[in-house]
Amino acid sequence: MGSKLGWLKLPLYGALLFLYLPIAVLIFMSFNESDAPFTWTGFSTRWYGELISSPEILTGFRNTLIVAIAATIIAVVLGTLLAVGLARYQRSAALEAIALTPAIFPDLALAIGLLTLFTNLNYALGLDSVIISHALFCAAFVTAIVRGRLHQIDSSLEQAAADLGDTAVGAFFRITLPSIKPALIAGALLSFTLSLDEFVIAFFTNGPSTPTLPIVIYSMVRFGVSPEINALATLVLLTSALIIIIAQRNLKVKDQI
Amino acid sequence: MRMTRKVTVSSFAALLLFGLSACSGSDSDSSALDPNADLSKQTLTVSIWAAYYPEDIAAKFEEKYGTKVTITNHATNEEVMAKLTAGGDSGIDVAFVSGQFAQALAAQGLLENLDKSLIPNSSNLIKEAEQLSYDQGAKYSLPYAWGTTGICYRSDLMKGDEPTSWNDLLTPKPKYKGKITMLATERWLMLPAQKALGYSANTQDETEMGKVKDLLIKAKANLLAYDDTTFYERLVSGEAVMVEAWDGWCNYGIAKNKNIKFIVPKEGSDLWADTMVVLKTSKNKEAAHAFLNYIYDVDVHSWVVDNILYKVPNKAAMAKSLPALVGDFPNMGISPAELLQQEGLVDLGKASSLYTRIATEVTSK
Amino acid sequence: MAQALVKTERDANQRRALISRSIFLIPGLAYITIFMLVPLGFIFFYTFLTRGTYGGVEYIFTLENYTRALDSLYVGILMESIMIAAAATLLAFLIGFPTAYAITKLPSNWQNVFLLLIVLPFWTNFLIRTYAWIVLLNTQGFLNKGLINTGLINQPLEFLYKPGAVILGLLYAFLPLMILPIYSALVRIDPAMKEAAINLGASPSQAFRQITLPLALPGVLVGAIFVFVPSIGNFIVPELLGGGKTVMVGNLIRDQFLKARDWPFGSVLAISMVVMLLILFFLQARVNKAVLGEKSG
Numbered sequence: 000m001g002s003k004l005g006w007l008k009l010p011l012y013g014a015l016l017f018l019y020l021p022i023a024v025l026i027f028m029s030f031n032e033s034d035a036p037f038t039w040t041g042f043s044t045r046w047y048g049e050l051i052s053s054p055e056i057l058t059g060f061r062n063t064l065i066v067a068i069a070a071t072i073i074a075v076v077l078g079t080l081l082a083v084g085l086a087r088y089q090r091s092a093a094l095e096a097i098a099l100t101p102a103i104f105p106d107l108a109l110a111i112g113l114l115t116l117f118t119n120l121n122y123a124l125g126l127d128s129v130i131i132s133h134a135l136f137c138a139a140f141v142t143a144i145v146r147g148r149l150h151q152i153d154s155s156l157e158q159a160a161a162d163l164g165d166t167a168v169g170a171f172f173r174i175t176l177p178s179i180k181p182a183l184i185a186g187a188l189l190s191f192t193l194s195l196d197e198f199v200i201a202f203f204t205n206g207p208s209t210p211t212l213p214i215v216i217y218s219m220v221r222f223g224v225s226p227e228i229n230a231l232a233t234l235v236l237l238t239s240a241l242i243i244i245i246a247q248r249n250l251k252v253k254d255q256i
Numbered sequence: 000m001r002m003t004r005k006v007t008v009s010s011f012a013a014l015l016l017f018g019l020s021a022c023s024g025s026d027s028d029s030s031a032l033d034p035n036a037d038l039s040k041q042t043l044t045v046s047i048w049a050a051y052y053p054e055d056i057a058a059k060f061e062e063k064y065g066t067k068v069t070i071t072n073h074a075t076n077e078e079v080m081a082k083l084t085a086g087g088d089s090g091i092d093v094a095f096v097s098g099q100f101a102q103a104l105a106a107q108g109l110l111e112n113l114d115k116s117l118i119p120n121s122s123n124l125i126k127e128a129e130q131l132s133y134d135q136g137a138k139y140s141l142p143y144a145w146g147t148t149g150i151c152y153r154s155d156l157m158k159g160d161e162p163t164s165w166n167d168l169l170t171p172k173p174k175y176k177g178k179i180t181m182l183a184t185e186r187w188l189m190l191p192a193q194k195a196l197g198y199s200a201n202t203q204d205e206t207e208m209g210k211v212k213d214l215l216i217k218a219k220a221n222l223l224a225y226d227d228t229t230f231y232e233r234l235v236s237g238e239a240v241m242v243e244a245w246d247g248w249c250n251y252g253i254a255k256n257k258n259i260k261f262i263v264p265k266e267g268s269d270l271w272a273d274t275m276v277v278l279k280t281s282k283n284k285e286a287a288h289a290f291l292n293y294i295y296d297v298d299v300h301s302w303v304v305d306n307i308l309y310k311v312p313n314k315a316a317m318a319k320s321l322p323a324l325v326g327d328f329p330n331m332g333i334s335p336a337e338l339l340q341q342e343g344l345v346d347l348g349k350a351s352s353l354y355t356r357i358a359t360e361v362t363s364k
Numbered sequence: 000m001a002q003a004l005v006k007t008e009r010d011a012n013q014r015r016a017l018i019s020r021s022i023f024l025i026p027g028l029a030y031i032t033i034f035m036l037v038p039l040g041f042i043f044f045y046t047f048l049t050r051g052t053y054g055g056v057e058y059i060f061t062l063e064n065y066t067r068a069l070d071s072l073y074v075g076i077l078m079e080s081i082m083i084a085a086a087a088t089l090l091a092f093l094i095g096f097p098t099a100y101a102i103t104k105l106p107s108n109w110q111n112v113f114l115l116l117i118v119l120p121f122w123t124n125f126l127i128r129t130y131a132w133i134v135l136l137n138t139q140g141f142l143n144k145g146l147i148n149t150g151l152i153n154q155p156l157e158f159l160y161k162p163g164a165v166i167l168g169l170l171y172a173f174l175p176l177m178i179l180p181i182y183s184a185l186v187r188i189d190p191a192m193k194e195a196a197i198n199l200g201a202s203p204s205q206a207f208r209q210i211t212l213p214l215a216l217p218g219v220l221v222g223a224i225f226v227f228v229p230s231i232g233n234f235i236v237p238e239l240l241g242g243g244k245t246v247m248v249g250n251l252i253r254d255q256f257l258k259a260r261d262w263p264f265g266s267v268l269a270i271s272m273v274v275m276l277l278i279l280f281f282l283q284a285r286v287n288k289a290v291l292g293e294k295s296g
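These protein sequence lines map, in sequence, to chains Y, S and W. Numbering that gives the first Met the number 0 puts the first residue of the first sequence at 0, with every later residue one more than the last. Numbering that gives the first Met the number 0 puts the first residue of the second sequence at 0, with every later residue one more than the last. Numbering that gives the first Met the number 0 puts the first residue of the third sequence at 0, with every later residue one more than the last.
Because the hints were derived from the structure by calculation, they are not lab data. Backbone N, C-alpha and C fix where the C-beta goes; we use that ideal spot for every residue, glycine too. Keep in mind that the hints are not guaranteed to be accurate.
[Claimed, not checked] Each pair of labels, with its calculated beta carbon distance range:
hint, chain 1, residue 1, chain 2, residue 2, range
1, W, D70, S, Q130, 37 to 43 angstroms
2, W, D70, S, D213, 16 to 22 angstroms
3, S, K67, Y, I51, 22 to 28 angstroms
[To be verified] Computed cross-link-like contacts, EDC-like style, restricted to lysine to aspartate or glutamate with a CA-CA straight-line distance of at most 20 angstroms:
hint, chain 1, residue 1, chain 2, residue 2
4, S, K176, W, E157
5, S, K59, Y, E55
6, S, K67, S, E77
7, W, K288, Y, E95
8, S, K219, W, E79
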């Protein structure tokens with residue numbers, strides 16, 4: 000396959016090397032025997048053992064999972080409804096722009112806005128405030144993906160169902176929903192992965208006693224290079240890779256853009 | 000997972016309906032604490048610096064009093080201050096913050112006045128440490144550990160150039176350029192320059208602070224980084240040869256490499272105290288007091304010292320721990336009298352914005 | 000009578016349409032309003048208030064926060080942030096464009112594989128990816144050890160804790176966000192257009208410059224925004240790879256909220272950042288329109 004590329008091989012493989020070299024070093028060092036951060040002393044899986052017996056990591060992981068699942072559910076419901084509404088009932092460039100803004104808005108601005116809101120409402124920060132916040136930008140991604148899918152499929156079937164006296168909600172469940180199922184799955188997986196890795200908004204909107212995994216990672220990273228982080232990085236990479244490959248099977252990467 | 004969803008959905012619904020103001024506690028309620036409260040019915044959330052406590056302290060306390068303890072970590076004072084001053088109930092019952100930060104919290108009315116009758120072990124507190132400038136009489140805070148700030152360095156990599164003055168850190172020999180770190184938290188970022196210039200570490204004089212700024216900007220050219228958390232690792236790996244450090248934290252480096260030494264520069268330094276405070280919003284104040292009391296138990300506090308390698312203002316606990324430690328970690332032997340000669344840090348009130356601005360100018364230059 | 004019936008039926012239809020429209024649109028739009036638009040309103044409101052001595056706000060109205068933001072210190076930091084984010088964006092384009100172009104030249108089943116390889120690192124934790132560079136670039140790290148072992152250098156080089164390291168970290172973090180939109184713009188170009196140009200006597204490089212580049216421009220702009228926006232508001236990369244010696248506007252905003260507890264001033268900085276980005280979005284939409292208009296014209 001490479002022969003047609005000619006000199007273009009250089010940027011392509013160069014970019015891949017650039018993207019993977021640091022990760023490869025982390026994976027490699029995660030199997031290092033000693034805790035010397037920069038010296039290889041021998042093969043060992045002890046850091047994986049320490050990782051899964053660390054209460055901080057486990058709590059963080061559990062909290063992250065709760066947030067990601069809950070935020071995904073809210074995001075899929077809100078995002079799908081909004082996408083259908085925008086595609087079938089109210090075509091408006093302005094509304095569409097507002098619906099997609101949380102996806103591209105700077106996370107720091109969203110984060111301080113939400114912090115200000117919760118503070119003014121005297122709402123105790125915790126996992127639920129992170130869930131609410133994550134659902135906001137996740138929903139925008141779901142809207143974008145489902146909206147893209149709705150563009151591709153024919154609306155005449157829904158129209159026919161409506162003409163035959165079906166209610167809008169009925170037509171949605173019988174006709175629209177099955178046809179956008181792949182987009183829903185892709186959107187849900189995307190939301191889940193985004194929430195799983197999200198740090199900035201969680202950092203501002205979380206309470207002190209329920210750290211999510213990225214917050215735990217942040218404090219670990221600030222306390223220096225450690226083999227546990229390397230092991231954790233390897234596991235996170237594997238999990239994300241798995242989810243993304245499944246998501247891609249449901250919706251080609253191309254369509255997500 | 001089912002429960003999760005329920006919690007989420009209900010809180011979500013509550014938020015949408017804005018029926019929320021009910022969940023904030025009333026702050027006028029300062030009724031006397033119940034000395035006979037059933038501590039096993041209370042739970043505690045304690046925020047401490049990461050790696051600044053024996054790992055099983057929560058379990059040990061729970062074993063003794065039946066109170067479930069959740070420990071959360073913060074990396075810096077500023078991180079926990081943000082949570083505590085955001086408004087509303089942070090969910091934290093006991094917080095560990097440095098003295099001047101405790102003073103700022105008290106000034107905002109966020110701290111509970113300590114009921115010493117529930118902390119009988121506080122009689123172990125060294126008398127002088129009860130009169131530290133940020134909280135005279137230890138009304139709302141009890142020191143957990145105390146110490147001073149100095150220079151932590153690799154004696155093997157700096158042979159013949161062992162630092163004795165803050166100027167050795169601020170204007171080093173060219174060969175040490177790029178191998179020095181300074182602390183990033185504002186007050187300690189300023190300290191070396193303030194002391195080198197002969198000023199107070201609490202100065203609010205704009206001209207003096209202007210000179211401090213100029214000296215710090217000059218010093219920045221020689222720095223590897225500003226670093227509050229990993230400086231001792233950089234000494235161990237050899238990435239740095241000389242760092243501004245808190246005495247106890249230098250000990251973590253000494254534990255890994257005997258060539259690491261600590262000195263208090265001749266111009267003098269600060270006396271800092273990391274304190275324990277009880278939040279007014281806490282609904283578990285009896286358990287919170289019991290936690291402070293537990294720490295001040297001689298055996299427990301001595302166990303803390305053995306673990307964190309910091310000095311504590313608890314005479315009996317120090318007497319118990321010191322003999323085994325002072326050989327390896329000479330700075331553990333700095334006496335309370337010597338510490339008290341250093342300058343105590345107090346909160347600056349409105350002048351803190353002057354410090355913030357200078358810190359921004361220095362770090363962004 | 001019949002007319003009235005038709006009218007009520009039309010009314011009923013309209014009502015039904017209105018109801019279904021509401022069912023679909025209202026939950027999402029309400030959510031965005033409550034959790035994005037209202038908070039932004041709060042931030043805007045805060046810009047006119049006074050900070051309390053110990054954090055919080057006092058309801059004393061002032062424009063002082065705005066005049067303070069015009070101080071050369073903060074304007075300087077904003078300028079440096081723009082430079083750093085722009086440098087990361089430019090580098091991402093220089094690397095991303097040929098990479099995306101190369102992928103379009105692959106057989107289509109391989110295209111998907113390579114796209115997946117490009118996006119995969121993006122889905123690992125951002126903090127971990129940033130941290131990886133510390134392991135790699137430290138003076139005691141792998142790159143320096145490798146270089147010393149091969150005899151290329153004898154003193155370790157200081158890669159970290161400089162603005163250059165911050166640019167590198169941002170480039171690394173967001174490069175996939177440049178490659179994907181460029182790729183999607185490139186694959187949409189009809190190969191027949193290029194062939195036609197060549198048939199009409201254009202050289203391949205002329206055809207590239209006159210057909211491919213302009214048509215890829217919308218993708219490039221989207222990519223540029225995708226890299227620039229998260230770069231300028233970033234505070235983690237400057238902190239971890241800048242060693243606290245580089246301050247970007249993201250650090251400044253974070254510090255006003257979490258360290259200095261000066262919410263009004265932090266709000267001014269945040270609003271300025273948002274306004275700047277809105278201008279960018281607007282410009283991008285204009286250019287996009289112009290390019291697409293040209294294509295159809």
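Each hint, compared with the structure:
Taken as a hint, the range 37 to 43 angstroms holds for the pair D70/W and Q130/S, whose Cβ atoms sit roughly 41 angstroms apart. In this structure the hint that D70/W and D213/S lie 16 to 22 angstroms apart at CB holds, the actual value being about 18 angstroms. In this structure the hint that K67/S and I51/Y lie 22 to 28 angstroms apart at CB holds, the actual value being about 23 angstroms. Only pairs whose Cα atoms come within 20 angstroms are accepted, and K176/S paired with E157/W is accepted, the gap being roughly 11 angstroms.
For the proposed pair K59/S and E55/Y, the alpha carbon gap of about 18 angstroms is at most 20 angstroms, so the pair holds. The suggested pairing of K67/S with E77/S is violated, with an alpha-carbon distance near 26 angstroms, which exceeds 20 angstroms. Between K288/W and E95/Y, the direct Cα distance comes to roughly 17 angstroms. Compliance with the 20 angstroms bound is thereby established for this hinted pair. Distance check on the hinted pair: K219/S and E79/W sit about 18 angstroms apart at the alpha-carbon level, within 20 angstroms; holds.
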